[in-house]
Every structure is written in structure tokens, then in C-alpha cells.
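Asker: When you get a sec, could you build the whole thing from the sequences and use the hints?
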Amino acid sequence: MRPFKFSILDSYLFQELIPPFIFSVAIFSTLGVAIATLSDLSYKIVNANLPFIYALQIFFLKIPEYVAYALPISVLLTTLMTYSRLSKDSELIAFYNCGLSLYRLITPALILSLIVTGLTFIFNELIVPNANYKATTILVEQINEQRKFLLRQDIFYPEYVNVKEKNGKNNKYLKTLFYAQEFDGENMQSLTILDTEKKGLNKVIISEKGTWNNQDKVWDLFNGFIYDITKNQIKAEGKFFEKTQISLPKTPLELASKSRDPYEMNIIQSLEYIKLLRLLGDDKTVLMFQVRTAQKISFPFVCVIFGLVGSSLGSRPNNASKATSFGLCVGIVFFYYLGSFMISSLGLIGIISPLMAAWIPNFIGLLIGGFLLAKENG
Numbered sequence: 004m005r006p007f008k009f010s011i012l013d014s015y016l017f018q019e020l021i022p023p024f025i026f027s028v029a030i031f032s033t034l035g036v037a038i039a040t041l042s043d044l045s046y047k048i049v050n051a052n053l054p055f056i057y058a059l060q061i062f063f064l065k066i067p068e069y070v071a072y073a074l075p076i077s078v079l080l081t082t083l084m085t086y087s088r089l090s091k092d093s094e095l096i097a098f099y100n101c102g103l104s105l106y107r108l109i110t111p112a113l114i115l116s117l118i119v120t121g122l123t124f125i126f127n128e129l130i131v132p133n134a135n136y137k138a139t140t141i142l143v144e145q146i147n148e149q150r151k152f153l154l155r156q157d158i159f160y161p162e163y164v165n166v167k168e169k170n171g172k173n174n175k176y177l178k179t180l181f182y183a184q185e186f187d188g189e190n191m192q193s194l195t196i197l198d199t200e201k202k203g204l205n206k207v208i209i210s211e212k213g214t215w216n217n218q219d220k221v222w223d224l225f226n227g228f229i230y231d232i233t234k235n236q237i238k239a240e241g242k243f244f245e246k247t248q249i250s251l252p253k254t255p256l257e258l259a260s261k262s263r264d265p266y267e268m269n270i271i272q273s274l275e276y277i278k279l280l281r282l283l284g285d286d287k288t289v290l291m292f293q294v295r296t297a298q299k300i301s302f303p304f305v306c307v308i309f310g311l312v313g314s315s316l317g318s319r320p321n322n323a324s325k326a327t328s329f330g331l332c333v334g335i336v337f338f339y340y341l342g343s344f345m346i347s348s349l350g351l352i353g354i355i356s357p358l359m360a361a362w363i364p365n366f367i368g369l370l371i372g373g374f375l376l377a378k379e380n381g
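To convert, take the position in the sequence shown, counting from 1, and add 3; that gives this note's numbering.
Simulated from the structure, these hints should not be mistaken for laboratory data.
Derived lysine to aspartate or glutamate pairs resembling EDC-like cross-links, with alpha carbons at most 16 Å apart:
{"no.": "1", "residue 1": "Lys212", "residue 2": "Asp157"}
{"no.": "2", "residue 1": "Lys299", "residue 2": "Asp264"}
{"no.": "3", "residue 1": "Lys278", "residue 2": "Glu162"}
{"no.": "4", "residue 1": "Lys261", "residue 2": "Asp187"}
From a predicted model like this one, the values you see are computed outputs, not experimental measurements.
Answerer: What follows is the structure in C-alpha cells.
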């Protein structure tokens, strides 16, 4: 097999592909932001008293997310329109008569798809998560909007210890239960800590504020009471303290400070957060984050699949207009994402593994694209 060499033909095809691609990204990004963001922000301005200046900030912060969504769809529409135009004007027939195969003719489209795959991955890792998180932070601070994964109130952390019983079995017992009513971004407020290390409630600590001491690797507690419990009876009068230190893991602070929606994290942040969730024993949320993390890797490769499908369908002998190509693009995107949603749902409930939930739609799309290409080339 001869190695690929960039030629005048490739230069010509890239010139045909790039302008409609840029135009498509602009159109789809604008439509996405306008449809999904403007109406929601208008509602929050009118009904939740969100200041206009912050609404404007959120609007611009949401643009990267919809650019990332627009990139794969733009590859599909671009390849459909470009190769449909080449087929309609009989340019593909001329290329065939020169001894070129369809495999060779769609190579520039696949190269463009791979480049966009890399751009999508970088965009989703470096820009989109931080932009989404900043938008969420503004809404929480300005209108006190509640977000499922943003821990700012009611922070629970149970610490367990493994004990080897006389029969040789290892059992897990609750050692300490940590609760904070509020987290202000640095400190825990209104803490209650239960010490149950000896298979019973031994001590109750109530504190106004708690801060992680990074130097001593302990928690500094301020203005509180320590209640000792003997034979399940709590002393009526607690021991007051202005400041005391207790030995507890940093995990409660990490849970609160790192808590985000999966779409507000990059892959490294997601993997670190999954480790924290495992300490809590929250298997359902762990599974959800595993699926979303796997999708962060698989999603950019949709560009290659859409490029393969679009160029294969577009190269068929037809007189398709740009409107027809757009309609076909919408249909393909709809069915792909519908199938992807259904398969990922199987991963979220544990029927299939997170890896399979993320990659099965891509493999199906790749098989369909390969079949269409082989059919048109034959």
C-alpha cells in the first residue's frame, strides 16, 4: 500500500471542506446558545432577579459548551454538502475516470475529522468544564440556585474502620460521622462530629467552625462543646473549647471543594472525584461518573464517524440540495444521539459496563459508515 502524499487534489478538497465547516460551526453554536441559554437566562432575569451583567457573563461562558457540541455535527453537514456538490457537478465521476477510488477521495474528509476530533477533545478538557463551573458558581452566588452535585450545604462524611473478628472475618464499622451544615468555600460551618470507634457512641463534638490544618494534617475546630458519653448516657454539661484539634481525614473538605457536575470536570478531576465517592460507598453516583468519564473520551471520536458517514452518503449519485443535506444531517444526528442515550442508560443502571456504554454507539456508527463507504465504492 502506497503511503499517503498530500497533493493538489487534497488541497482542492480541503478548500471545499473548510469554508462550510467554519460556517456550520458558527451556525450550530449560535442556534445552540440561542435556543438553550437565552430563554433560560431571560426567565432567571425576570423571575429570579438575576442581574443582567451576570446573565451576560453566563451567556458567554456557555458558548464553549455549544461550540463543542457543534464541532461533530459540523463535520457531518460539511462532508454531506461538499461531496453532494462534487457528485452533483459530476466532479466525482471525473475523479473516478482518472483512476481514483472513493477511499482516496474521502481521505481529506477523514483527515479533517481527525483534526476536529483532537480539537474537540482539547476543547472539552481545557475550556468547557471551567466555563460551565464558573457559570454554575455565578447562579449559586447570585440567585442561590440549587445544584445536585455542588456541595455547599449538609456535607456528610462517614469514616469506617475494618475490624478482624474472632471468626477471622473482616467487618466494617463506623468510626466517625462528620457533618457540616454549610461550606463557604474554605471553612466548614456548624459542625457535628460523632465518635463511634468502639462500636458505640463515645463522644459528640459540636463546633461553630472547622478548618483543615494542612501543616499538622488535622482539623482545627473553633467555639464548641465536647460531650462525653458513658454507657449510652450523655453528660448534661459539655466541655467548652475555643479551639481544639481532632484527627480526621481531609476527605470532607475534598468532597465539598471538588464536588461538581460531571460536565464541569475534566477527565482527571472526574477520576479523582470517583475515588472520593468510593470512600462514601455511593455506588450509584460512582457508576454515573464512570459512564460520563468514559463518554468524555469517546465523544470526540464522533467526528470521525460523522465524517465517514457524511462523505459516504454525500458521494452517492444524486441531485441533493443544501436543504436536503441539512435535513439528512438533522436525521442522522437525532438517531445517533437517541441510540447513544438509550445505550448509556443501560450503563447507568449497571446492565453494561461504563466502557461499553460509552463506546458501543461509536462502534455501531463506525460499522454503518464502513458499510456505506464499501457500498458506494463498489
